[in-house]
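So the sequence shown is residues 334 to 564, counted in my numbering.
Since the hints were derived computationally from the structure, they do not count as laboratory data. Any given hint could be a false lead.
[To be verified] Pair by pair, the computed Cβ-Cβ distance ranges are:
{"hint": "1", "residue 1": "R462", "residue 2": "D421", "range": "45 to 55 Å"}
{"hint": "2", "residue 1": "L539", "residue 2": "P486", "range": "21 to 31 Å"}
{"hint": "3", "residue 1": "S473", "residue 2": "D526", "range": "49 to 59 Å"}
{"hint": "4", "residue 1": "A550", "residue 2": "G454", "range": "20 to 30 Å"}
Backbone N, C-alpha and C fix where the C-beta goes; we use that ideal spot for every residue, glycine too.
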Amino acid sequence: EGFLVDLYLVAAAILLAVLLGLAAGAVQATRPRSPAARGIGAVTAVALSSPVYWLGLVALLLFAPGVGSVAEVPFLSTVNGYRDPFDDAIGFVHGLWLPALIVGTPLAAACTRMAATQLRGTLEEDFVRTACGKGVRHRSVVWRHALPAAAGPVVALVGVQMNLILTNVALIETVFNIPGGFRYIERALVNRDVDLVQALVVEATLFIVLANFLADAIGAWLDPRQRTRER
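Turn these sequences into a full structure, and let the hints guide you.
Quick look at the structure:
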């Protein structure tokens, strides 16, 4: 059960972070002076400078029922909603998506900056100018041609950030009282539980290796220029 919790938090955090980062980065790159881009820049700066345990506590204070919540929002007031994955799979997914979002917030901010930088450079390349010259709509050029080509470094960033993601998972499991495996690392070290420490190290290593492998594979699949070089 603990492994499933860790796997879900890591996978959901990465997926949400990459999707949000690519979308926000596209806005910043294509409309740099718009109010939306400036708002994204401000949120990104806060997300990069805020530890996840603080973000988790803020989420508890704002949305947790019975904790002094300011407002109850249907899709946010899911704290203390953990369900056993073997008894209620849908409740398990629903109850952990907010912690996963908080875990992925720093990665989403980093992906946003990376996506904006890469997309600005990609929009100046010849194949983009050729597509525009052929009369393809600007939105289609950005989302169907330029953004996939710029997404490779963003996906690669996930592999670089995996150590931080796993640390954030351990912190957020403690804040939200989620029975994941990584929350017990401190207890295992204090009690000198060698078997548990070894199991958690193996699990973390598995996540890091798998994330880097998938990042390289997906990056090559997204960017046709890498496939051309391989040939």
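CB-CB spacing for D421 and R462 relative to the 45 to 55 Å hint: For D421 against R462, whose Cβ atoms are near 52 Å apart, the range 45 to 55 Å holds.
Satisfaction of the hinted span 49 to 59 Å by the C-beta atoms belonging to S473 and D526: 56 Å, holds
Beta-carbon spacing of A550 to G454 - inside the hinted bounds 20 to 30 Å or not: 23 Å, holds
Consistency of beta-carbon spacing, P486 to L539, with hint 21 to 31 Å: Given range 21 to 31 Å: holds, Cβ gap about 24 Å.
Violation of the numbered hints given earlier is absent; every hint is satisfied by the structure.
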